[in-house]
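Produce the entire structure from the sequences given, and follow the hints as far as they go.
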Amino acid sequence: MPKITSVEELRKLREKVQEEMATRTETGTTIIVGMGTCGIAAGARETMRAILEELKARNIEAHVTTVGCIGMCAREPLVDIEQAGKPRITYGNITAAMVPRLIEEHLIKGNVVTEWVVGRLPTDQETH
Amino acid sequence: MRELSLHLLDVIENAIEAGASRIEVEIDEDVARNVLVLRVADNGRGMDEETLRRVTDPFFTTRQTRHVGLGLPLFKAAAERCNGSLTIASQPGKGTEVRAVFQYDHIDRAPLGDMPSTLLGAILSHRACDIVYRHRVNGQTFEVDTAELREALGGLPLSHPQVRAWLEDYLREGIQSLYAETAEEHSHPSER
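Line by line, the protein sequences give chains C and F.
Once you know that position 14 of the first sequence is 14 in the numbering used here, the rest is easy, because the numbers rise by one and skip nothing.
Numbers in the numbering used here are just positions in the second sequence, counted from 1, shifted up by 1000.
If you're looking for bench data, these hints aren't it; they were derived computationally from the structure.
In this text, all values refer to a predicted model and were calculated from it rather than measured experimentally.
Just to be clear, a hint being listed does not mean it is correct.
Stated by the list, open to error - Some chain C residues close to chain F (C-beta under 7 Å, calculated; not the full set):
{"#": "1", "residue": "Leu10"}
{"#": "2", "residue": "Arg14"}
{"#": "3", "residue": "Val17"}
{"#": "4", "residue": "Ile40"}
{"#": "5", "residue": "Arg45"}
{"#": "6", "residue": "Arg49"}
{"#": "7", "residue": "Gly68"}
{"#": "8", "residue": "Thr114"}
{"#": "9", "residue": "Val118"}
Claimed, not checked - DEER-style ranges, computed between Cβ atoms:
{"#": "10", "chain 1": "C", "residue 1": "Glu15", "chain 2": "F", "residue 2": "Phe1060", "range": "48 to 54 Å"}
{"#": "11", "chain 1": "C", "residue 1": "Glu20", "chain 2": "F", "residue 2": "His1126", "range": "23 to 29 Å"}
{"#": "12", "chain 1": "F", "residue 1": "His1126", "chain 2": "C", "residue 2": "Arg101", "range": "36 to 42 Å"}
{"#": "13", "chain 1": "C", "residue 1": "Ile60", "chain 2": "F", "residue 2": "Asp1169", "range": "17 to 23 Å"}
{"#": "14", "chain 1": "C", "residue 1": "Glu19", "chain 2": "F", "residue 2": "Asp1048", "range": "47 to 53 Å"}
Stated by the list, open to error - From chain C, some residues computed to sit far from chain F (all C-beta separations above 10 Å):
{"#": "15", "residue": "Glu82"}
{"#": "16", "residue": "Pro100"}
{"#": "17", "residue": "Asn111"}
Backbone N, C-alpha and C fix where the C-beta goes; we use that ideal spot for every residue, glycine too.
Okay, structure coming up:
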């Protein structure tokens, strides 16, 4: 595949996206997927893929990022959801098949899926 | 691991944790010589001799969160199971290179698997770094340097959903084209 075409395509995409960005608002949602050896072996890459696809299908704006192991290897794949002003929730053993429900409940309906929660970090206001 | 690309993702994550700003990921599939070489080289903080000596020991890890480190030992075992080897070269302050060699047609060799998803995992990492991906199949090469893509994008991040989707298609098509050309060559032996 010629390099010139790819760079040209990207420039066009950039112009298009920048126009759209001007009219959009940030939701302030970050989804973090554990991608240490333990996470990878448990299927974290497929979980990450499923999250990206679900967000796209439902047209949800969220920042998806990966981190290393946090020591809860038996609970991998771990998925953290952080939303502005709310406690950060850590969900455990989240396989790709569980992602649609997680996104629907947590991001769309605003309900924490309590049976999948393994941890909770309070908001900044709560700690001070 | 079910796919070699998962081992690669693991080693790439190590490089990211080592503070690398540039990571080279190379795959060389040489069917004629029956060899598959996977190489990840980074410009991260590197390791001293003592660390390097212990790094394939499963009971050694730099992490504080747990006491075992299985990434490199698993990768090494996978290569050795296929008449291959894993070598690591590293220099403090310069970076680390991990090189795994496999017998291409060994029955125990896992498939390469989903490389676009692996690269996506690295690109979405919390620590930004550039990735040079070079994939050779029987002498044909597909190469991507995210530094070049970043330049074309201006300030727009590679993790932006539309950019990410474009990049994924681009990687998938680029990698597939390598195999398509090989298949064509093999299907017309009489014409060559």
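Cross-check of the supplied hints:
The interface hint given for Leu10/C is met, as the beta carbon of that residue sits about 4 Å from the closest beta carbon of chain F, less than 7 Å. Residue-level restraint check for Arg14/C holds (minimum Cβ-Cβ distance to chain F is 5 Å; threshold 7 Å). Restraint check, Val17/C versus chain F: the minimum CB separation of about 5 Å is within 7 Å; hint holds. Here the hint on Ile40/C is kept, as its CB sits about 5 Å from the closest CB of chain F, short of 7 Å.
A least Cβ separation of about 5 Å between Arg45/C and chain F falls short of the 7 Å threshold, and the interface hint therefore holds. A distance limit of 7 Å between C-beta atoms decides the matter here; for Arg49/C the minimum to chain F is near 6 Å, and the interface restraint holds. Interface restraint check for Gly68/C: the shortest CB-CB distance to chain F comes to about 6 Å, inside 7 Å, so the restraint holds. With its C-beta approaching chain F no nearer than about 25 Å, Thr114/C sits outside the 7 Å limit, and its interface hint is violated.
Violation of the interface hint for Val118/C is found here, the shortest Cβ-Cβ separation to chain F being roughly 14 Å, above the 7 Å cut-off. Remark: the range hint 48 to 54 Å for Glu15/C to Phe1060/F is upheld by a beta-carbon distance near 50 Å. Distance hint for Glu20/C and His1126/F: a CB-CB separation of about 25 Å, consistent with the stated range 23 to 29 Å. A hinted range of 36 to 42 Å for the beta carbons of His1126/F and Arg101/C is inconsistent with their spacing of about 25 Å.
Restraint check, Ile60/C to Asp1169/F: a C-beta distance of roughly 21 Å satisfies the suggested window 17 to 23 Å. One distance hint, 47 to 53 Å for the beta-carbon pair Glu19/C and Asp1048/F, holds here, with the actual separation near 51 Å. A cut-off of 10 Å between C-beta atoms confirms that Glu82/C is not in contact with chain F; the least separation is 12 Å. For Pro100/C, the non-interface assignment is confirmed: its Cβ lies about 18 Å from the closest Cβ of chain F, beyond the 10 Å cut-off.
Annotated as non-interface, Asn111/C keeps its C-beta farther than 10 Å from every C-beta of chain F; the closest such distance is 25 Å.
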